[in-house]
Amino acid sequence: MVTADMVDASEYPELADMYHVYGVPLTVANEKVRIEGGMPEPMFIPRVLQGIGVSINSPFVQKD
Amino acid sequence: MPLLKDSDREQLQKEFEQLENPVKLVFFTQALDCDYCPLTQQVLEELAGLSDKIQLQIQNFAIDKEPVYEYKIARAPATAVVRVETQMVDGVAQTRDRDYGIRYYGVPAGFEFGALVSDVLDVSRGDSGLTAQSKAVLAQLQEPLHLQVFTTPT
Numbered sequence: 020m021v022t023a024d025m026v027d028a029s030e031y032p033e034l035a036d037m038y039h040v041y042g043v044p045l046t047v048a049n050e051k052v053r054i055e056g057g058m059p060e061p062m063f064i065p066r067v068l069q070g071i072g073v074s075i076n077s078p079f080v081q082k083d
Numbered sequence: 012m013p014l015l016k017d018s019d020r021e022q023l024q025k026e027f028e029q030l031e032n033p034v035k036l037v038f039f040t041q042a043l044d045c046d047y048c049p050l051t052q053q054v055l056e057e058l059a060g061l062s063d064k065i066q067l068q069i070q071n072f073a074i075d076k077e078p079v080y081e082y083k084i085a086r087a088p089a090t091a092v093v094r095v096e097t098q099m100v101d102g103v104a105q106t107r108d109r110d111y112g113i114r115y116y117g118v119p120a121g122f123e124f125g126a127l128v129s130d131v132l133d134v135s136r137g138d139s140g141l142t143a144q145s146k147a148v149l150a151q152l153q154e155p156l157h158l159q160v161f162t163t164p165t
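Residue numbers (my numbering), protein chains in the order written: chain A, 20 to 83; chain B, 12 to 165.
Bear in mind the hints are in silico, worked out from the structure with no lab data behind them.
Watch out, some of these pointers could steer you wrong.
Unchecked claim - With a straight-line Cα cutoff of 27 Å, these simulated DSSO-like cross-link-like pairs (lysine-lysine) come out:
#: 1; chain 1: B; residue 1: Lys83; chain 2: A; residue 2: Lys51
#: 2; chain 1: B; residue 1: Lys64; chain 2: B; residue 2: Lys16
#: 3; chain 1: B; residue 1: Lys25; chain 2: B; residue 2: Lys64
#: 4; chain 1: B; residue 1: Lys146; chain 2: A; residue 2: Lys51
#: 5; chain 1: B; residue 1: Lys64; chain 2: B; residue 2: Lys83
#: 6; chain 1: B; residue 1: Lys83; chain 2: B; residue 2: Lys146
With the sequences and hints as input, model every part of the structure.
Next comes the structure, spelled out in structure tokens:
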């Protein structure tokens with residue numbers, strides 16, 4: 020269900036332009052949500068899920 | 012000239028002694044209009060040379076349509092990190108590839124080389140290293156999640 024690409028921004032400038040990559044790391048989830056910078060796993064996963072509009076029932080994920 | 016220093020090679024060989032299942036690096040290259048394909052191939056060849064458990068399979072992005080489709084490869088150079096599993100079917104050992112959806116687009120150099128080494132170890136083990144809590148949350152996903160992590164070689 021989860022796929023992950025590492026993309027070298029300098030080698031694929033057209034992709035970097037498309038997602039407005041100005042700093043790295045930048046994570047794009049499902050081609051729409053941009054998450055700038057690195058962060059610990061307990062922060063990162065809720066950010067991704069909220070970004071793609073998934074509400075998952077877990078104390079670990081903050082509800083809107 | 013090798014990219015890896017002797018000392019790095021020795022350290023990695025030691026680290027790869029813990030590999031359980033074999034790991035296959037499926038590399039997609041193309042002859043034309045791909046400045047970084049040869050360098051990527053050299054990195055992967057050196058990595059595969061460090062352990063019998065790391066295999067390198069080279070595919071032509073422009074010609075080998077079947078693996079390009081199977082691994083959903085969008086551009087070259089690209090590398091898929093795949094687990095090779097063996098199972099017994101009617102008393103005969105058969106291998107099959109298990110694809111966890113991990114792809115590298117570009118040269119896995121600098122920090123990304125370290126990330127690739129970690130991925131090889133994780134894929135061999137068959138464990139992402141995420142916490143049980145994260146796994147429980149992600150297991151509830153109903154729709155595919157595609158992450159693209161942009162980096163620059165440093």
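Hint check results:
A distance of roughly 19 Å separates the Cα atoms of B/Lys83 and A/Lys51; the hinted pair therefore holds under the 27 Å criterion. Note on B/Lys64 and B/Lys16: the hinted pairing holds, with a Cα-Cα distance of about 21 Å set against a maximum of 27 Å. Annotation: proposed proximity of B/Lys25 to B/Lys64 holds, straight-line Cα distance about 13 Å (limit 27 Å). About 23 Å separates the Cα atoms of B/Lys146 and A/Lys51, which keeps this hinted pair within 27 Å; it holds.
Only pairs whose Cα atoms come within 27 Å are accepted, and B/Lys64 paired with B/Lys83 is accepted, the gap being roughly 24 Å. Pair hint B/Lys83 plus B/Lys146 holds up; C-alpha atoms about 24 Å apart against a cutoff of 27 Å.
Going through the hint list in order, the structure satisfies each hint without exception.
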